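Trainee: Here are the chains, one letter per residue:
Protein chains: 4
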Amino acid sequence: MSSFMIRTDLALEARESAEEGAEELRGVCVEEDYHEESEVKVTKVVISSKNSAKLLGKPVGTYITLEAPAMTQPDGDYHKEISEELAKQLKEIIPGMDKELSVMVVGLGNRDVTADALGPNVVDNLTITRHMVKEFGKAAYGKNRMHMISGLIPGVMAKTGMESSEIIKGVVEKTNPDVVIVVDALAARSTKRLNRTIQITNTGIHPGSGVGNYRNSITEEILGVPVVAIGVPTVVDAATIVNDALLKMVSQVDTDGIELQEELRSGLSELYNMYVTGKDVDYEIKQISHIICDAIGSALEV
Amino acid sequence: MSSFMIRTDLALEARESAEEGAEELRGVCVEEDYHEESEVKVTKVVISSKNSAKLLGKPVGTYITLEAPAMTQPDGDYHKEISEELAKQLKEIIPGMDKELSVMVVGLGNRDVTADALGPNVVDNLTITRHMVKEFGKAAYGKNRMHMISGLIPGVMAKTGMESSEIIKGVVEKTNPDVVIVVDALAARSTKRLNRTIQITNTGIHPGSGVGNYRNSITEEILGVPVVAIGVPTVVDAATIVNDALLKMVSQVDTDGIELQEELRSGLSELYNMYVTGKDVDYEIKQISHIICDAIGSALEV
Amino acid sequence: MSSFMIRTDLALEARESAEEGAEELRGVCVEEDYHEESEVKVTKVVISSKNSAKLLGKPVGTYITLEAPAMTQPDGDYHKEISEELAKQLKEIIPGMDKELSVMVVGLGNRDVTADALGPNVVDNLTITRHMVKEFGKAAYGKNRMHMISGLIPGVMAKTGMESSEIIKGVVEKTNPDVVIVVDALAARSTKRLNRTIQITNTGIHPGSGVGNYRNSITEEILGVPVVAIGVPTVVDAATIVNDALLKMVSQVDTDGIELQEELRSGLSELYNMYVTGKDVDYEIKQISHIICDAIGSALEV
Amino acid sequence: MSSFMIRTDLALEARESAEEGAEELRGVCVEEDYHEESEVKVTKVVISSKNSAKLLGKPVGTYITLEAPAMTQPDGDYHKEISEELAKQLKEIIPGMDKELSVMVVGLGNRDVTADALGPNVVDNLTITRHMVKEFGKAAYGKNRMHMISGLIPGVMAKTGMESSEIIKGVVEKTNPDVVIVVDALAARSTKRLNRTIQITNTGIHPGSGVGNYRNSITEEILGVPVVAIGVPTVVDAATIVNDALLKMVSQVDTDGIELQEELRSGLSELYNMYVTGKDVDYEIKQISHIICDAIGSALEV
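Chains A, B, C and D supply the protein sequences, listed in that same order.
Positions 1093 to 1394 (our numbering) are the ones given, in order, by the first sequence.
Positions 1093 to 1394 (our numbering) are the ones given, in order, by the second sequence.
Positions 1093 to 1394 (our numbering) are the ones given, in order, by the third sequence.
Positions 1093 to 1394 (our numbering) are the ones given, in order, by the fourth sequence.
For the record, the hints were derived by calculation from the structure and aren't laboratory data.
On a predicted model such as this, the values are computed, not experimentally measured, just so you know.
Careful, some of the hints might be misleading.
Identical chains blur together in the list; that is why a pair holds if it fits in one copy or across any two.
Stated by the list, open to error - Straight line, CA to CA, 30 Å or less: simulated DSSO-like cross-link-like pairs of lysine-lysine:
1. 1142 x 1378
2. 1226 x 1371
3. 1371 x 1266
4. 1266 x 1136
5. 1142 x 1172
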């Protein structure tokens, strides 16, 4: 029954699905760590073989997940403890942090759809320095060493008529950043992870990822510079939720899975392009945007 | 198995549910009409007895539904044919249209959540005349007869700390409109109706209606003036979708419903306060807001 | 030449204008204080006689002004030092702070005009508690003593057709707050004060104040409860700027002021309803909204 | 006294200034036309010599200005008569309209500053077809001949750290449009022209134009494809307004201009980066965005 395509952008969940009832996966290395002070659970999944990449439906690379249930709780300081933890992880995964970098932060998604506005929100709130450093030098900031930060919000294909990857590649070629950080809203499998999990990866963004309004890869291979992706699951695919509920029932009533599969498929097609979000999505997206924005600022020392 | 609470704000759907496998309902009168030119199907449901009101979970009153699949199609003129149809229905249901009226249009919902922003969007775009007529008279508009239009966007309880009904009642008492028109995003049972159905009713808004961020009734009984509600289903409750899929399956596998019911309930609780929307929700909400806005303007001749 | 009406909402500037070339004003008491740590200059103007009130064009009452040039500088913590200073002043001017209060915060202005969106922005970002305390009690927050905070964004007359004061009074009568805090964008006389000055007063808001889209007083007399107004000059009236430049010149060329006055008046009429803002108004308004929001939260301990 | 730099983006105003008290300009050809039905005055200024270009501070090329006082009046149809007039002019100035074109529409300006949001608003509301035509062909639209439309909102340098021209050039090189249409908010000299004048030109956008947040040219020379610019004056430079008022007075009191000039300059420096807008700027910008959006759609037949 695994033929039904489960939609998740989290490597963590892909691994959980793959391991259900199976022996441990080869070529997948997992490290878990709980930070008591910040109450953040950090899981590092390293996919090192092509085989395991295929099994999990995720490319070879490093995936770091921060799980922080507190993220959805209101906090005047926007959860500084979580953004500091995230900043620490970013410093490790961004290559060349010992040098002065030119970093382009790209906010993917549709700013007019609440659950998809995470990327644009982060870039909107970021401290941008590239133009200042270029015009006045880092002396203007009283610093000896300073990264240049630029920001881009490409918009979604329905509103631009262009692939996000085309736009980003064009701007990268003109402005030559050393690294691209891509921020995006993701789809999770379970509603329990919505707006309380942050995934960082050095594998970029892949077709079909995200809430689904853009396509084509945004990766080092395509852009020619390293790509670090920061993603937060803000929606669950509606078909996934129904599928999961059905499978659970089917296993209980112990009946013929194959027939059901047909029924299920036709029922789910109606849910194509439908997404599940929570009712406090506006507040939660705003708060996570702040956390990510602060983390990028802290990692890049502005 | 009907004990599970199906969530729909559409009288049309409540009736369909109630009639499944049952004889026709007494105290419910239904008229259907198809307007070929505008391709709008108009259904009028009149609930006249307390008994049928209880059965359908909707108060006694008139419910007019316009179904127009074209509503989600882009149109430079914002589907003038649909707004004209809606205007015609509004003129019939708004009491006292032969006199000069003072009409307060209230946009319920959360402007920061795309699917819930319908009400605020409509009021934002409306032509407001009350202050002009009061200051310069209708002569300023070169008219002999003119309605005064005012607009109110009360906001949702999570952001105001107050019930919408408290705010509206306070403002009604100070400014004395003859009629209140309330515009609101609704929950439907089926994704097929999302953003292509408009319901008008003279029964006002009731607890638990809408996307769910406000409570307490907004009715003639509470406000002291007639209330006309215009609603559009923009979301489906996530639990409803799963429940419907499960029930469909259960009926097929012909197994013991009671046990399943338990399983189902515990699975659904996780979906509490979760909603399903489509991926083009931003465009569709914008277009429907225009249609409703134009219809109110046309009905009130501004 | 003082017959030309200078438009300023700052008591500080009204006093400066009045004192130009005149002996000290009776019935006006001024205290200045410079806080080195926060780099905030606090000026307290107390107008105690009707005569001085008339001279200054400001009602009898207390006006506290915080001047902080740093307010327009970017700061990751949104200038905590300024918001703490503001919180301290608010605690002194809000009556009854030793008891548990129900406080309604009203954000005046037009959220669609950048320079006028200060009030709506502050209320949008505020922690609202009234509905939670009413439903779950302060125990839900683990507190023995807790103020209830509600928020209202009435909108501007051009979009509501109603006076802001009508809307506020209606809601006050229904929800009975102990105090109303009104936040508003003001007009200053000098561009030097834009977005770096905060005025607090216990006199409320008066006709013709603000950026100009609402009228009628919002005062204790009208609402029946104490009103504390927080205002920030975000615009300068265009006519004022031209008038000031002209007067300066006239005094230099030592010519007949009376004739010029006529010329000046006709030239200025074209600037009616025109405002001057700076080019970074969006960033600056956002930052000041945060400062005020944090200050109210800190003063009310949420 | 002409040494003081008058800031206007309208060729019409530049010509008026240059012609004050001077003989007619050589190398500048002017045609005026009044369209009675639409009440639009169309003025075509063709600058054909380098000398006249220098005198007017505008590059060689064609400038068409539509003046329509009605533009600021509310209209349910968003002034279809004006958008049709504009569409007619666009069809003439866009090169290659007899062939199938790929057209990129670029919305310059800052979407968070009301008066500068014209460009982003237009692109936000445009019907985008490039991705659809590429994926499904024009047959999907039931057409034999169809232009492909794409849209780009580059953002302002303070928020991107990059020149708009860098971003646009990068995207043009990747997606190869045949023509670029740039929409931008302009600065006028007189408040009388605000939000009621539309300028079209085939000369592109030049340094220092617009409300001032981006720089570097956006021209055929730079982008490699023809550029048509559509601009609407939405602000007046504050210094310009004061300067004009002062000069008028100086001429009356018949005194020594040279000394005043000094005084004037020091006074104006304080107004650097300050702009004058009207109080209904939000409504007016929204309506003009619709007019331009409809005109582009009509000219490109979508």
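Trainee: Now tell me, hint by hint, if it's right for this structure.
Mentor: Tested hints:
1. 1142 x 1378: neither (37 Å within a copy, 45 Å between copies)
2. 1226 x 1371: Only across copies: residue 1226 and residue 1371 sit 21 Å apart there, 43 Å inside one copy, limit 30 Å.
3. 1371 x 1266: between (41 Å within a copy, 27 Å between copies)
4. 1266 x 1136: For residue 1266 and residue 1136, the Cα distance exceeds 30 Å both inside one copy (34 Å) and across copies (36 Å).
5. 1142 x 1172: neither (37 Å within a copy, 50 Å between copies)
The structure does not agree with the numbered hints 1, 4, 5 stated previously, though it agrees with the rest.
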